[in-house]
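One-letter residues, chain by chain:
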Amino acid sequence: MIEARGLTKRYGATAAVDDLSFTIRPGMVTGFLGPNGAGKTTTMRMILGLDYPTAGMVTVNGKPYAKLASPMREVGALLDARAVHGGRSARNHLLCLARTNHISRRRVDAVLDLVGLANVAGKRSRGFSLGMSQRLGIAAALLGDPEILIFDEPVNGLDPEGIVWIRTLMRSLAAEGRTVFVSSHLISEMENTADHLIVVGRGRLLADSGMAEFIAGSSGQVVLARTPQPDALGRALNAAGATTSTGEPGIVQVRGLTEDVVADIAFANGIRLNHLAPARVSLEQAFMELTADSVDYHGQSPVDTQPAHNGSEA
Amino acid sequence: MTTTIGRVRPDTQPTARLRTDILGTLASEFVKIRSVRATYWTLIILIVASIGSGATYCAVEAHQWPHLTPQDHANFDPTQASVLGVALLGQFVIAVLGAQTITAEYSTGMMRTSLTVMPRRTVLYGAKAAVLAAVTLIVALSTSFASFVLGQALLAGRHAGATLSQPHVLRSVIVTAGYVAVCGVAAFGLGAILRHTAAAVAAVFVLFELIQRLAEALPHNLYTSMEKWLPGGATVGAITATTPDSQNPQLFSAWGELAVLGAYAVILVVVGAVLFRRRDA
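As given, the protein sequences belong to chains A and B, one line each in that order.
Numbered by my numbering, the letters in the first sequence go through residues 1 to 314 in order.
Numbered by my numbering, the letters in the second sequence go through residues 1 to 281 in order.
Quick caveat, the hints were computed from the structure, so don't treat them as lab data.
Remember, it's a predicted structure, so these values are computed and weren't measured experimentally.
One thing to keep in mind: the hints can contain errors.
[What the hints assert, rightly or not] Not the full set, but computed from the structure, chain A residues with beta-carbon under 8 Å of chain B:
(1) G12
(2) M72
(3) H85
(4) N92
(5) R167
(6) L169
(7) R171
(8) A175
Yeah, the Cβ is synthetic: ideal placement off N, Cα and C, and Gly gets one too.
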């Protein structure tokens, strides 16, 4: 259980994290979602006691992180897989971490096996691929068999096999009843992994809800109706207070009404419906809508950056 | 799965927990220092450069011995000749190791991992300093003794060598090693303050050379009265000498000068500790 209350981190005038309150519960994967620069890493660093909050507080199992009796047995964290001394072998890297919490050498070998690095355990980690470094970072997080796991962008830069491996691992850790808190700036990564979402933008909390509610609640459900009389249907639904738009010919997109009500209105007005179904708003879309105002660095579309006139070139 | 993790369960008693933390972190820091090649390279350079320069100095003296005046013979300090290189070269080589003990963790990002597994910052910092001090003191003592033995062997043909049983010879050999270890610890403190290897090593150079050189520009009386409080310069002479250096009566004795430098190191380490506790990692 991780609890943040009014958590705030300011650097000068800018707030990297702004009055965040949330609770991360055991037995599920909680996704921590936000555009780059939204304050996800800073929040995780404050959870781990690496950075001090400007205001507010965050506790792990009811205590500030630094007060945990045996931190590795309670929390395993992977913030940056490349943050290891490259001159040290994988085994020695894990051993020096294990020693602080009196974790045995045997456990070091066990986690090396678990993440599939046993055959390179004696190699210096400088030569590791990103995927191998990621596995080493996960091994370090699992050393103390902790109840809480914190991963910062764990699949960044991984190949598809590595991504599937980490997803499966996170799912199975949560299924064992552990607390799994994982950040990402890509919602697509969360779609198959997270049960719960905490969404932040510019350091502020934008959403804290279950995955299903997050999708449903995004912009109201959209209902798609196919009809030979789109104009008539549109008028009838608008009269009932819905907003409508026409996409493809013969398709009316309806917001603000359920499909049952749409069917009733069509029937009452004698309009034929060939098809009627709720449209699934993609998670991606929901996320984009929610964070549209809180992205720090907007790219321009390539069209906009074209020179306005080409005629002067000889 | 849980059964394989380890034998020691977390302690709930604060004092017992502190003891567990300290022992575990000392063991961890020892694994860290012995598991990177940089440590071995630095120590090999320290040993070779120190012993090599002492041997060269003594060999040259032995070669010129018949051509020197009786006055030169009387002033010659064979112990100092053999261990001076340990102090002069060793201080900068060990500074790299001392600074790197902490700065390498910042440059690689390892510090975040270290603090995640051991969030008691004073414990982590103290364990780092203690392991560094112990390793450097042991290596410096071995180097100092080896330099002494080799140097005296080279001088033996001229009957100009010293033995450990002569007055202050043992002191000179030990204080020289202590001086090297103190330099390593001072560099560690500067590393904690600056968090950058090159900056910390440069700062050691400023502290141990430049300040004294600049102070020389002060009015002579003022400089003479403050010289014993300054690192560098004649200090190394006082530390390695077996006789109170007749040319430098303004300095403390060898132990006194070592204590002065130790005080500088302690100040740097304490300032580093305060910053280490306070700053974001």
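Each hint, compared with the structure:
Taken as an interface hint, G12 (chain A) does not check out: its beta carbon lies about 14 Å from the nearest beta carbon of chain B, beyond 8 Å. For M72 (chain A), the interface hint holds, the least distance from its beta-carbon to any beta-carbon of chain B being 5 Å, beneath 8 Å. With a least beta-carbon distance of about 5 Å to chain B, the hint placing H85 (chain A) at the interface is held under the 8 Å criterion. Interface restraint check for N92 (chain A): the shortest CB-CB distance to chain B comes to about 4 Å, inside 8 Å, so the restraint holds.
Restraint check, R167 (chain A) versus chain B: the minimum CB separation of about 21 Å is more than 8 Å; hint violated. The beta carbon of L169 (chain A) is not positioned within 8 Å of any beta carbon in chain B (closest approach about 14 Å), and the interface hint is therefore violated. A least Cβ separation of about 17 Å between R171 (chain A) and chain B goes past the 8 Å threshold, and the interface hint is therefore violated. Taking 8 Å as the C-beta cut-off, the interface hint given for A175 (chain A) is violated, the closest approach to chain B being about 14 Å.
Violation of the numbered hints given earlier is confined to hints 1, 5, 6, 7 and 8; the remaining hints are satisfied by the structure.
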